[in-house]
Amino acid sequence: MAKNKNANVRRNRSHYVRMFRDGLLKAGFYFLLSALSFVFLYPFIKMITQSLMTDDDLINITVKWLPSELTWSNYSVAYRKLMFSRYVWNSVRVSIICTLGHVFSCALTGYAFARYKFRFKGLLFTLVILTMLVPVQTVIIPQYMQFSNWGWINSELYLPLVVPSFLGFGLSGGFFIFLFRQFFSGMPYEMEEAARVDGCGPIRTYLHIMLPMSQSSLLVCTVLSIVWHWNDYFEPGIYFNDVWLKMLPNSLPNLYAELNKEQHTMIQSNDIEGVMFNEAMLMAATFLCIVPILVMYLVLQRRFMEGVERSGLTGM
Amino acid sequence: MKPERTVNGVAQPSAFARAMKVLGKALLVLLALAGIAFVAYHDWVAALAALLLIFIFCYTDLPRIISQSPVGRLLDVLGRGVKQLLKWLCWPLRWLWGKVKPLLKWLCWPLRWLWGKVKPLLLRLWGAVRRILPKRKTRDGNKRGFLRRFFTMERRRSMEALIFLTPWIVGLCLFFLGPITTSIRLAFSEITKMKGFEMGFVGLRNFNHIFFTDINFVPMFLQTVLDTLLNTPICIVFSLVIAILINRPMKGRGFFRAAFFIPVLLGAGYVMKQMLGMGADGTTITTGIVVPELIADLLGHSLTEFLQGVLDRITVVLWKSGVQIVLFLAGLQGISTSLYEAARVDGATEWEMFWKVTLPMISPVILMNLVYTIVAFFTDATNPIIDYIYKTSFTNQQFGYGAAMSWIYFAFALLMCGVTMGVVGRYVFISGGKE
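As they're listed, the protein sequences go chains A and B. In short: position in the first sequence from 1, add 333, done, that's the numbering used here. Counted from 1, the second sequence has number 197 at position 206 by the numbering used here; the numbering is strictly sequential.
These aren't lab readings, by the way, just hints derived from the structure by calculation. Watch out, some of these pointers could steer you wrong.
To list a few chain B residues with every Cβ distance to chain A over 12 Å, as calculated [unchecked claim]: (1) Ala8; (2) Ala41; (3) Leu66; (4) Arg71; (5) Leu84; (6) Trp117; (7) Ala152; (8) Gly191; (9) Val193; (10) Thr306.
These stretches of chain A come out as covered by chain B in the derived footprint (C-beta under 8 Å, 3 or more residues) [unchecked claim]: (11) 365 to 371; (12) 412 to 425; (13) 475 to 484; (14) 531 to 540.
Below, in silico cross-link-like pairs of lysine-lysine (DSS-like), each with a Cα-Cα straight-line distance of 30 Å or less [stated by the list, open to error]: (15) Lys242/B to Lys379/A; (16) Lys359/A to Lys184/B; (17) Lys579/A to Lys184/B.
None of the values given here were measured: they were computed from a predicted structure. Think of the CB as a built atom: it goes at the ideal place given N, C-alpha and C, for glycine as much as any other residue.
Please work from the sequences and hints to get the whole structure.
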């Protein structure tokens, strides 16, 4: 204590120099972080500002960030062109059902790998890792053939996406199995042993003891799975080419193609009649596509980050 | 009437109420965003002020201080009064529900009648099944039958594991082992009949074609490999630095964490592909960061171009490193603070602590992230080679050729992962040894 008091009293030059240096360091630190976060938010901000621009703003070089006039009509045009109301339902349905499947199957498998001993465990876990490493592109051709033999192409129930996810495969299923395995192996054994002594079967132990304790991992799995399913366009694009069954990210390329076409015709025939489709509208459409997951992320963001920290994902 | 959920005698809100709360929060966030956008249009200074206010409210103690002051208490009382008033105003609704509920209940009588018929039947059926099934308890605990002796404790435990593993094993056979073997077979053959996908064996012709006839594949492949080799270290270094920066205790930590993960929301899909492909004026969006002219004059043309290329690459790579940052953050949280305290007592500086404590402790995460990043860049949808494989197999319908290409691709990805694991794995520090 005494020493502390002394330090407080003696405020010589070096003290102020140090304070100044610390302050400078802190300011620099915040500046660096702000600059970095600007880089990260850049596509996002750009997208929003550009989506509100008029035709003239797009061409005008002086207009870089703030549009001279907020043209909300871009959004209504994008909404109609994208057929948002039709496709958003498909997207929501598929990503929610697939996420449910992932949470169900990956948690089960991860639990088995974390808690039980059985023959070929090492081999099977290597296979899990391998499913993470194999790119979708390697297996997509035979899978397409398989599904078309089964008549699952353009199925209205989205079977090619839903069934694999319920069996622990699908979009980065291996990653989620790995996540749950890491989480469950970091949990104490005592709870389960107590349950076993009290006469609890394996399934009941899992459902009533392990699952309620693993809320944070479940949240991480849910958020990542929804985001990845929502953004995925490769697999759905191959399995569903019916106009009614498309999903939001798959209807964006159409708009892009239309943009190119319209520019082409504009140059050729010079007719500027009606609503021209421009980049601002395209950006509006793109923004519309990510609004639902953005809202979800903003609501869940804090708990998601906590979940990642708690999941013990990195304890190899 | 369901009993209310209580914790320590305090009634808890229902699930519906909690859901409404979350929904309300989301709506508020949206409203605030819309408001800021509106204000920004008229007056950007006011918009900045609003953002600052929101920031202060979210990340400081101000709301708590306000709520504990007399003004806050008054507001609280007022709010409760308004709530009571609203509750009272809603009485017609409650009255209506009181009328409708018995009606609904009455309308369900056929269902109840049916259940009354079915339930005894089901019970009888279950009894019959129980009689057929073997009894659980043996008469003599010491005498065990063959089956009992066979199913030892360990065997029974592994049977239990089978319950949990069944879905995954079914999936493994259907969606992994099956397609993989077909894919290998396909790489050495050719589709002879589109209907039913009959295959004819052609030997190494596909591979021959890839390496000696096709002029697109090899350059594209090399480009992808080069990109991955360059991008992976950049990604790892930057995400480690960023993770360390935002792991410090500071104001606005939540905001920065959220910000660094936002590109992941855009990143995986077509949105990002489009953002990279085109901007407002036909250039890519990444050209937003330009090398300043002063430096450009000093460095000369070719060097500037190189620097610009690196800068462009950094932006793109940074956008794709959200997951890596999150993983590093989790890893940093896992390092015990006692290590840092010990180092500080021994007189270590921050710089030394990074090299002697943080880096060794985080090395397993670095390895994991390296593998993840290599795979992510290889399977990235913005990759030209993936487009090429997709086009040859699905647009031109050359399935065998596409499969051969994807196998070369995958083999190389696997090789890279293996090399990374082998090389970096030597330097990974594992505390406490392996299991």
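Results for each hint:
1. Ala8: Holds, since 16 Å exceeds 12 Å.
2. Ala41: holds, 15 Å
3. Leu66: Answer for Leu66/B: holds, closest chain A Cβ roughly 25 Å.
4. Arg71: Nearest chain A Cβ is 26 Å from Arg71/B, so the label holds.
5. Leu84: holds, 28 Å
6. Trp117: Non-interface label on Trp117/B holds, nearest chain A Cβ at 18 Å vs cutoff 12 Å.
7. Ala152: Check fails; 3 Å does not lie beyond 12 Å.
8. Gly191: holds, 15 Å
9. Val193: holds, 16 Å
10. Thr306: Violated, because the least Cβ-Cβ distance between Thr306/B and chain A comes to about 6 Å, which does not exceed 12 Å.
11. 365 to 371: holds (count 4)
12. 412 to 425: Our answer is that it is violated, as 0 residues pass the Cβ test (under 8 Å) against chain B, missing three.
13. 475 to 484: holds (count 7)
14. 531 to 540: As far as the stretch 531 to 540 of chain A goes, the hint holds, because 3 residues have Cβ atoms under 8 Å from chain B.
15. Lys242/B to Lys379/A: holds, 26 Å
16. Lys359/A to Lys184/B: violated, 69 Å
17. Lys579/A to Lys184/B: holds, 28 Å
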